[in-house]
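K.L.:
So the chains spell out like this:
Protein chains: 2
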Amino acid sequence: MTPGFRFYPTEEELITFYLKHKIQGTDVTRDILRDIDRVIPQLHVYDFYPWDLPQHAGEVCRGDPEQWFFFIPRPEKEARGGRPSRRTSSGYWKATGSPSVVYSSSNRIIGIKRSMVFYNGRAPTGKKTKWKMNEYKAFQQEYSSNTNTTPKVYIF
Amino acid sequence: MTPGFRFYPTEEELITFYLKHKIQGTDVTRDILRDIDRVIPQLHVYDFYPWDLPQHAGEVCRGDPEQWFFFIPRPEKEARGGRPSRRTSSGYWKATGSPSVVYSSSNRIIGIKRSMVFYNGRAPTGKKTKWKMNEYKAFQQEYSSNTNTTPKVYIF
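The listed protein sequences correspond, in order, to chains F and W. First residue of the first sequence: 1, per this note's numbering; consecutive thereafter. First residue of the second sequence: 1, per this note's numbering; consecutive thereafter.
Worth flagging that the hints you see were computed from the coordinates, not collected in a lab. Hints may contain errors.
[Unchecked claim] Restraint ranges, calculated between C-beta atoms of paired labels, are given here: (1) W:N107 / F:D31: 41 to 47 Å; (2) F:Q24 / W:A95: 46 to 52 Å; (3) F:D31 / W:I32: 27 to 33 Å; (4) W:Y8 / F:S98: 48 to 54 Å; (5) W:S105 / F:S106: 34 to 40 Å; (6) F:G121 / W:I32: 46 to 52 Å; (7) F:Y46 / W:N120: 48 to 54 Å; (8) W:D31 / F:P65: 24 to 30 Å; (9) W:P41 / F:S106: 26 to 32 Å; (10) W:S106 / F:P124: 38 to 44 Å.
Glycine residues also receive a C-beta, built at the ideal position from the N, C-alpha and C atoms.
Same shape as in the complex, but just chain F (with noise of 0.2 Å):
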């Protein structure tokens, strides 16, 4: 790629391409699928310190100095109606604010944004660090699996 070109994508391109595409599953061809898999892999992010997860970004997002995105499955927990826990095994993830919604350029409501950042540490007495994660889950009915899993896209 020439110097300058990067995956910077738009919250809209996020959610009417790549969270759609990933929740239809099997309605794409395999293509696109392996396409968006190489840009957006699927990954248990509580599993992992924020600082080891651009290892494990998309081929063509890795060398980012800024950002990367995953897909996760939505947790069990939370598929049966619980609270989410964003608790890791150093630290949690902690909201900023409300949760905000996101519009396409038509105006239309097509999804959620949940800002979040990283403590270290037990709450309430973590210590906060400069790890910022951005969590957008599709709004429109008509994205919804029929499977279990809601996958979510997180900018870091």
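Fit chain W to the supplied structure of chain F, relying on the hints for placement.
P.N.:
Just chain W now, kept in the frame of chain F:
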């Protein structure tokens, strides 16, 4: 190109790849110069309304919703030591704050950056618009051209 991939260069890439190669001119291969031209064309930026500039962007950047890049030849007046004029037919570009220094990732000074805002009308009564421009000049002596022009990169 897969959705989400776009020209989103670092300042270091702008200066040490695009601006450097543009200034060196005949020192680099025709292929590189043709590639650069498809990304950052040369344009007399001050001959245009800001809102007409996007359509003159490089073919791979023309669809971008928020930023476009141009080289402009150094105006003759400025090359002779005069103060640069940033007046256009309908208004003028005015600096915001002081110029800043651009560092490479290895902490070397590689350029100077000036940020500007477009005002409709004539100074000092012009009306501020939402159009912004960043001007970069390569700093190092090694990038200086033998010709009369010192191209700059503009980001809107």
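K.L.:
Against each hint, give a clear statement of whether it holds in the structure.
P.N.:
Status of each hint after checking the structure:
1. W:N107 / F:D31: 41 to 47 Å: With a Cβ separation near 43 Å, N107 (chain W) and D31 (chain F) satisfy 41 to 47 Å, so the hint holds.
2. F:Q24 / W:A95: 46 to 52 Å: 50 Å, holds
3. F:D31 / W:I32: 27 to 33 Å: Given a distance of about 31 Å, which is inside 27 to 33 Å, the answer is holds.
4. W:Y8 / F:S98: 48 to 54 Å: 28 Å, violated
5. W:S105 / F:S106: 34 to 40 Å: Hint holds: Cβ distance 39 Å, inside 34 to 40 Å.
6. F:G121 / W:I32: 46 to 52 Å: 50 Å, holds
7. F:Y46 / W:N120: 48 to 54 Å: Holds: the Cβ-Cβ distance is about 51 Å, inside 48 to 54 Å.
8. W:D31 / F:P65: 24 to 30 Å: Given about 27 Å between the Cβ atoms, the range holds.
9. W:P41 / F:S106: 26 to 32 Å: 31 Å, holds
10. W:S106 / F:P124: 38 to 44 Å: 40 Å, holds
Hint check: a violation occurs at hint 4 only; the rest are consistent with the structure.
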